[in-house]
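*Asks:* Those sequence lines, one after another, are chains A and B. To convert, note that position 226 of the first sequence is 226 in my numbering; the numbers rise steadily by one, no gaps. To convert, note that position 308 of the second sequence is 308 in my numbering; the numbers rise steadily by one, no gaps.
By construction, these hints were calculated from the structure, which means they are not laboratory data.
Which residues of chain B face chain A? A partial, calculated answer using Cβ under 8 Å: (1) LYS3; (2) ILE5; (3) HIS11; (4) GLU27; (5) LEU117; (6) TYR119; (7) TRP125; (8) ARG128; (9) ALA193; (10) VAL342.
The beta-carbon is built from N, C-alpha and C at its ideal position, and this holds for glycine as well.
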Amino acid sequence: MQAVMYIVRYLVFPGFVFSAVVGLLTTWVDRKVSARVQLRVGPPWFQPFADTIKLFGKEVIVPSNARWTGFLLMPIIGLAAATLASTILWSVNLAPERTFIGDTLVTLYVMTIPALAMIIGGSASGNPLGALGSAREMKLLFAYELPLTIAFLTTIVKVGSFSFGKILMYQQYNGVMLGSVSGVLAFIVAIFCAQAKLGFLPFDIPEAETEIAGGTHIEYSGAPLAIVRLNTAIMYLVVPLFIITVFWGGVNFTGWRILTSVLKYVAIVVIMVLIKNTNPRVKIAQAVRFFWGPMFAISAIAMILAIIGY
Amino acid sequence: MVKKIPIGPFHPILEEPEFFELHVDGERVIGMDMTIGWSHRGIELLSEHKTWDQVPFLVERVCGICSCSHPYAYVKAVEDLCGVEPPLRAQFIRCIVAELERLHSHFLWTGLAGHFLGYNTVFMWTWRFREPILDVLEAVTGNRNHYAVMKPGGVRRDLPQEEIGNVLKLLDTLEKNNDMLTKAIVDDPVIHARTKGVGVFNKAQCRLYGALGPTARSAGYDVDIRRDHPIDAYDKVKFNVILCEHGDVFDKAVVRQLENFESIKIIRQCLKLIEDTKPGDISIEIKEVPPGEGIGAYEAPRGEVFHYVRSNGGNMPMRHKVRAPSFNNILTNELSVLGNTVADAGLITAAVDPCYSCTERVGIVDRRDGTRRVLTEADLVRLSHEKTELIRKRFAEGGGNR
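Kindly produce the complete structure, drawing on both the sequences and the hints.
*Replies:* Encoded structure:
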C-alpha cells in the first residue's frame with residue numbers, strides 16, 4: 001500500500017501532473033509579464049498547454065547522424081529528475097515530518113540532472129551547433145554550481161542540519177533566513193544562479209537562438225521537444241520553490257497562508273522575468289567571470305557572516 | 001582542432017538566405033567563408049525590358065527597406081543622362097521621403113541588433129517607435145513601404161499641405177524616443193560588455209575594402225555622398241556627418257542612433273523650405289531620353305547606392321547596373337569576425353546592416369565534393385534533364401515523387 005502511495009505521489013500529486021500543470025501556468029505568467037514589459041499583449045492562459053499538446057502530435061525527426069538512444073532518452077531522464085525534485089520539495093513543504101536526512105543534498109544533485117541530460121542530448125544530436133550548445137551548457141554548469149552551493153550552505157550552517165524539515169522548522173521559530181544579512185546576500189546569489197539554471201537571459205547562452213539557433217535544443221522536434229519544454233516548465237516551478245524553502249520559510253497551504261505562499265512564488269517569478277527582460281545575453285566567458293568573481297565573493301561573504309552569527 | 005560552424009543559408013539571425021561558414025577553434029573564430037547568391041532575381045535584366053518610367057517601380061523592389069534609395073539613385077541617373085533638374089518642390093519631397101526612410105531603417109536595425117543580443121525588450125520597443133514613421137510615410141506617399149514616389153523629372157505625388165503638421169508632430173515624439181533609446185544604449189553596462197571592441201574594422205581596412213555608410217563612418221572613414229556630391233535639396237540644408245573612431249559594433253550602433261537626429265534635422269529644414277514653393281509644381285516632363293550614359297548615387301541608410309544607365313535613344317534602358325552598399329559591406333565581415341567568438345559572429349555579420357537581397361549576384365558553385373567548380377549553362381541543362389529522367393523513371397515504377 002505504501003508503495004502505491006509513493007507512486008501516486010510521484011506521478012500525480014505533488015509529482016508529475018501537478019508540477020507540469022503549475023509549471024506550464026508559470027511559463028504563461030512569464031510570457032504574459034514579458035509581453036507587458038515589451039509593450040505587447042501576450043498569449044491567453046492556455047497557450048502553453050496548447051503548445052505542448054500540439055508538439056506531442058507532431059512528427060518526431062531523428063537526424064541520421066544522431067545517436068538516437070542518447071538523443072531520445074535524455075529528455076525523459078531530465079523530466080524524471082525534475083519531477084523527483086518537485087515531489088521532494090512539495091512533500092516536505094506540505095508535511096515537514098516527511099523529511100529525511102540529506103534530502104537537501106539529494107534535491108541539489110537531482111536539480112543538476114536536467115542540465116546534464118541536455119548536455120548529453122545536445123551532443124548526441126550530431127549537429128555542430130548542438131555540440132557547441134552542450135559545451136556552453138557544461139561551462140555554465142561549472143560556473144553557477146559553485147556560488148549556488150555556497151549560498152545554500154549558508155542556510156545549512158545557520159540551521160545545523162541537512163534536512164528540509166529542520167530548515168523549515170528553524171525558520172518558523174527564528175524568523176526567515178531573508179531576515180538576516182547573510183540570508184539576503186545568499187538569496188541574491190541564488191536568484192542569479194537560478195537565472196542561469198533555468199537558461200534565462202542574460203544566461204541563455206546554451207540555447208542562444210540568434211547565435212547558435214537553439215543550441216542543445218536544435219534537433220529536437222515533436223514529442224521529445226514537448227518533453228524538453230515540460231522539463232523547463234517543471235524546473236521553473238522547482239527552482240523558485242527551492243529558493244523559497246531555503247531562504248523564505250517555505251510554502252504552506254493552511255488558511256490565509258495560502259495567499260502569502262502564492263505571493264512569495266509570484267514575487268520570485270516576477271523578479272526573474274524582469275531580470276530576463278532588461279538584460280541582453282552575455283558571452284560564456286563573461287558569465288563564468290561573473291559567477292566565479294562577484295557572485296563567488298558575495299556568497300563567500302555570506303558564508304563567513306553566517307558562521308560568525310549574522 | 002578546427003571545426004566548421006555554418007551560419008545559414010537559413011538561420012534565425014539572417015532575415016534573408018545567406019551562407020557564412022565559420023572556421024572555429026573551440027569558440028574562437030579563425031576564419032570565415034561566405035557564399036552569396038541564394039536569392040538572385042535578375043533585376044538588372046528585367047529593368048532592361050521596362051520603359052524608363054516603369055523601372056522605378058521595379059528597383060523599389062530591390063529591397064523593401066531602402067525602397068526609396070534605389071529609385072532615387074535611378075532617377076538621378078536618368079536625369080543626369082537627360083541633363084535636367086526637377087522642380088524645387090519635388091527636390092524637397094524626395095529629400096523628406098528619403099530621410100524618413102533612413103529613420104525607419106535605422107530604427108529597424110537597432111531593434112534587430114537588440115534581438116540578436118537576446119535583448120527582446122529593445123527589439124519590441126524600437127519597432128513600436130518605428131511604427132508611427134511608417135504611418136506618416138503612408139499619409140505622405142500612400143504606402144507604408146514601396147512609396148512609388150520617384151519619377152524621372154520629379155515626384156509622383158505632392159506633399160499634402162495638411163500632413164505637414166502631422167510630420168512635425170511625429171518628429172517631436174521621435175526625437176524624444178530616439179534620445180531615450182540612445183541613452184539606453186550608451187549607458188547599459190551589459191551592452192558595453194557585449195559590443196565594445198567586438199568586430200573591429202578600422203579605417204585603413206575600410207579604405208581597402210571600400211566600406212560604405214555607417215560601417216565606414218563608425219571607423220572614422222569620412223564618406224557621405226549626401227555631403228560629398230549633394231544631389232537635389234541636400235546642398236540647401238545643413239547637417240553633420242556623424243563619425244566615430246573605433247569601428248566596433250558599439251560605434252556602429254551609436255553612429256546610426258546619432259544619424260537619426262541628423263535626419264530629423266534635415267526633414268525639419270525641408271518642411272520649412274517647402275513652404276516657399278508652389279504646390280502642384282512637382283515634376284517636369286521628359287519627352288524622350290537621348291542616347292548616352294548617366295550615373296546616379298545616393299546615400300542609402302546602409303551606404304552609397306550607385307546606379308548606371310545607358311540609353312540608345314529608345315524607350316528602355318539599354319543597360320542598367322545597380323551597385324548596392326551591402327555588396328561592399330558584407331565583405332568586411334571576413335576581417336571583422338577574426339579572433340572573436342561564435343557568440344559575436346552573428347552580431348558582427350548583422351552589424352553592417354546587411355541587405356542581402358540588394359546584393360545578390362548570380363554565381364553557381366558545386367559544393368557536394370568540397371571542390372568549387374562553376375557550372376556552365378550546358379551543365380545545368382544536362383543536370384536538369386537527368387533529374388527529369390530520374391523522376392520520370394520513378395513514376396513509371398509507381399514510386400511517386402518522394
